[in-house]
Amino acid sequence: MQQFLKQSHPKSFTEDANNPQEQLADLIEIFFGQSLSERRQKLLATVFELRTRAIHSEDYREHFSQSDSMFEEYIASLIQEGMNDGVFQSCNPSTVAAMTTLLANGALVRRTTRDNDDWIDDVRKEFQRYREQCVYEN
Numbered sequence: 001m002q003q004f005l006k007q008s009h010p011k012s013f014t015e016d017a018n019n020p021q022e023q024l025a026d027l028i029e030i031f032f033g034q035s036l037s038e039r040r041q042k043l044l045a046t047v048f049e050l051r052t053r054a055i056h057s058e059d060y061r062e063h064f065s066q067s068d069s070m071f072e073e074y075i076a077s078l079i080q081e082g083m084n085d086g087v088f089q090s091c092n093p094s095t096v097a098a099m100t101t102l103l104a105n106g107a108l109v110r111r112t113t114r115d116n117d118d119w120i121d122d123v124r125k126e127f128q129r130y131r132e133q134c135v136y137e138n
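All the letters of the sequence shown, read from the start, carry residue numbers 1 to 138 under our numbering.
Derived by calculation from the structure, the hints in this document are not laboratory data.
Note that the structure is predicted; figures quoted are calculated from it, not measured.
Where a beta carbon is used, it is the ideal one built from N, C-alpha and C, also for glycine.
Hints are not guaranteed to be accurate.
[To be verified] Per label pair, the in silico range of CB-to-CB distance:
hint, residue 1, residue 2, range
1, Arg40, Tyr130, 34 to 44 Å
2, Ser90, Glu22, 17 to 27 Å
3, Asp118, Ser90, 12 to 22 Å
[Unchecked claim] 16 Å max Cα-Cα, derived EDC-like pairs, lysine to aspartate or glutamate:
hint, residue 1, residue 2
4, Lys42, Asp117
5, Lys42, Asp115
6, Lys125, Glu29
7, Lys125, Asp26
Using the sequences and the hints given, assemble the complete structure.
Shown next, in the form of structure tokens:
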């Protein structure tokens, strides 16, 4: 599990981005992208299945608590960096990170337990509207 945690650091998914806004967009696309490859679908299903084990296993609970914390800390650091650079407006980076994590986990559950992704485009657009109103500098 520790190896999985190290390999799944969110920074590894945003290495090609040039600034905090691009990094955040790349990270969000992973969870809210319109189409998923079969490989990505299987990976998300595996993550969800492992996450359900945290209900009864302290080891899994600890792992996913660390994973969520790492994800949130990374997003909060992107938000703070964007605020420092003047591309994000003043907001609470920890709250934005927690909400992003909550939405990503919800997308994970829905994408792995439903027959279609008809809902994802509307959710992605609404989350984009939130970021434009509450995070991105106008």
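Okay, the hints, checked on the actual structure:
1. Arg40 to Tyr130: 34 to 44 Å: violated, 24 Å
2. Ser90 to Glu22: 17 to 27 Å: holds, 20 Å
3. Asp118 to Ser90: 12 to 22 Å: violated, 36 Å
4. Lys42 to Asp117: Answer holds: lysine 42 to aspartate 117 is near 15 Å, not above 16 Å.
5. Lys42 to Asp115: Holds, at roughly 14 Å.
6. Lys125 to Glu29: Cα-Cα ~11 Å, so holds.
7. Lys125 to Asp26: Distance of about 15 Å is within 16 Å: holds.
In terms of the numbered hints stated before, the structure departs from hints 1 and 3, listed from lowest to highest.
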